[in-house]
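Trainee: The lines below spell out each chain.
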Amino acid sequence: AQSVTQPDIHITVSEGASLELRCNYSYGATPYLFWYVQSPGQGLQLLLKYFSGDTLVQGIKGFEAEFKRSQSSFNLRKPSVHWSDAAEYFCAVGALETGRRALTFGSGTRLQVQP
Amino acid sequence: NAGVTQTPKFRVLKTGQSMTLLCAQDMNHEYMYWYRQDPGMGLRLIHYSVGEGTTAKGEVPDGYNVSRLKKQNFLLGLESAAPSQTSVYFCASSYFGKGVAYEQYFGPGTRLTVT
Numbered sequence: 001a002q003s004v005t006q007p008d009i010h011i012t013v014s015e016g017a018s019l020e021l022r023c024n025y026s027y028g029a030t031p032y033l034f035w036y037v038q039s040p041g042q043g044l045q046l047l048l049k050y051f052s053g054d055t056l057v058q059g060i061k062g063f064e065a066e067f068k069r070s071q072s073s074f075n076l077r078k079p080s081v082h083w084s085d086a087a088e089y090f091c092a093v094g095a096l097e098t099g100r101r102a103l104t105f106g107s108g109t110r111l112q113v114q115p
Numbered sequence: 116n117a118g119v120t121q122t123p124k125f126r127v128l129k130t131g132q133s134m135t136l137l138c139a140q141d142m143n144h145e146y147m148y149w150y151r152q153d154p155g156m157g158l159r160l161i162h163y164s165v166g167e168g169t170t171a172k173g174e175v176p177d178g179y180n181v182s183r184l185k186k187q188n189f190l191l192g193l194e195s196a197a198p199s200q201t202s203v204y205f206c207a208s209s210y211f212g213k214g215v216a217y218e219q220y221f222g223p224g225t226r227l228t229v230t
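Going line by line, the protein sequences match chains A and B. Counting along the first sequence from 1, when you hit position 108 you're at 108 in the working numbering, and nothing is skipped either side. Counting along the second sequence from 1, when you hit position 52 you're at 167 in the working numbering, and nothing is skipped either side.
It should be emphasised that the hints constitute simulated quantities derived from the structure, not laboratory data. C-beta atoms are modelled at their ideal positions from N, C-alpha and C, and glycine is treated no differently. Treat the hints with care, as some may be off.
To be verified - No farther apart than 27 Å at their CA atoms in a straight line, the calculated lysine-lysine pairs in the DSS-like style are these:
| hint | chain 1 | residue 1 | chain 2 | residue 2 |
| --- | --- | --- | --- | --- |
| 1 | A | K61 | A | K49 |
| 2 | B | K172 | A | K49 |
| 3 | B | K124 | B | K185 |
| 4 | B | K172 | B | K129 |
| 5 | A | K49 | A | K68 |
| 6 | B | K186 | A | K49 |
Unchecked claim - Part of the chain B face toward chain A, derived, beta carbon under 7 Å:
| hint | residue |
| --- | --- |
| 7 | M156 |
| 8 | L158 |
| 9 | Y210 |
| 10 | E218 |
| 11 | F221 |
| 12 | G224 |
Build the full structure now, drawing on both the sequences and the hints.
Mentor: Structural data, given as structure tokens:
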């Protein structure tokens, strides 16, 4: 069964600084990978997704992520963080073979942005 | 398009009471899901449906039942609520595409407290 690990429970960065959120997955075949963001009291919004092809994926709000098969990682990055980026971020992996096509989520990383 | 909507947004139940959470989507999606979100645990799949009239169990189905009588609606029922079911419940939907990966669209969530 697939699994997702987000090693950092909580990260604090200064506004304008760069950001990298880590995600490691476990899955036997080529995974389908997603990053979602959840603002307080809100549902989850898709930031970006990786299906195949170019391993550097661009998303909304200036985010990007890089798929590294050798490291089983799909880290999320942003060159310059804005205060509005403060939220919880979830990495997720999906698999066509499971039939149900549900996603397996990591436990999330909460991002705080200092002025 | 409203996307995925959930009712109610908040609910407080006493132990042993029952209730039904309603999820509706207007995107003509085949797949629908119910997740629960608890601190530090990400989202866990309760039940899912791959089409009208079909439902199946996810990771944590005990204490819940579901029904999908219409394609656009997915109901989650708690027959006898327990404090362990205090959580935030999210509904999601996705399209079906053979050989195509899928992103899920989430509702705003229902915060349920069982006392």
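Trainee: So, for every hint listed, does it hold in this structure?
Mentor: Evaluation of the provided hints:
Annotation: proposed proximity of K61/A to K49/A holds, straight-line Cα distance about 14 Å (limit 27 Å). For the hint pairing K172/B with K49/A, the CA-to-CA distance comes to about 26 Å; that is within 27 Å, so the pair holds. For the proposed pair K124/B and K185/B, the alpha carbon gap of about 21 Å is at most 27 Å, so the pair holds. Pair hint K172/B plus K129/B holds up; C-alpha atoms about 25 Å apart against a cutoff of 27 Å.
With a CA separation close to 14 Å, the supplied pair K49/A and K68/A stays within the 27 Å bound. For the hint linking K186/B to K49/A, the alpha-carbon distance of about 26 Å falls within 27 Å, and the restraint holds. For the restraint placing M156/B at the interface with chain A, the shortest Cβ-Cβ distance is roughly 6 Å, inside the 7 Å limit, so the hint holds. For L158/B, the interface hint holds, the least distance from its beta-carbon to any beta-carbon of chain A being 4 Å, beneath 7 Å.
Contact between Y210/B and chain A, as hinted, is not supported at the beta carbon level, the nearest pair being about 10 Å apart and thus beyond 7 Å. Checking E218/B against chain A: minimum C-beta separation of about 5 Å stays under 7 Å; hint holds. Taken as an interface hint, F221/B checks out: its beta carbon lies about 4 Å from the nearest beta carbon of chain A, inside 7 Å. Here the hint on G224/B is kept, as its CB sits about 6 Å from the closest CB of chain A, short of 7 Å.
In this structure, only the earlier hint numbered 9 is contradicted, and the remaining ones agree with it.
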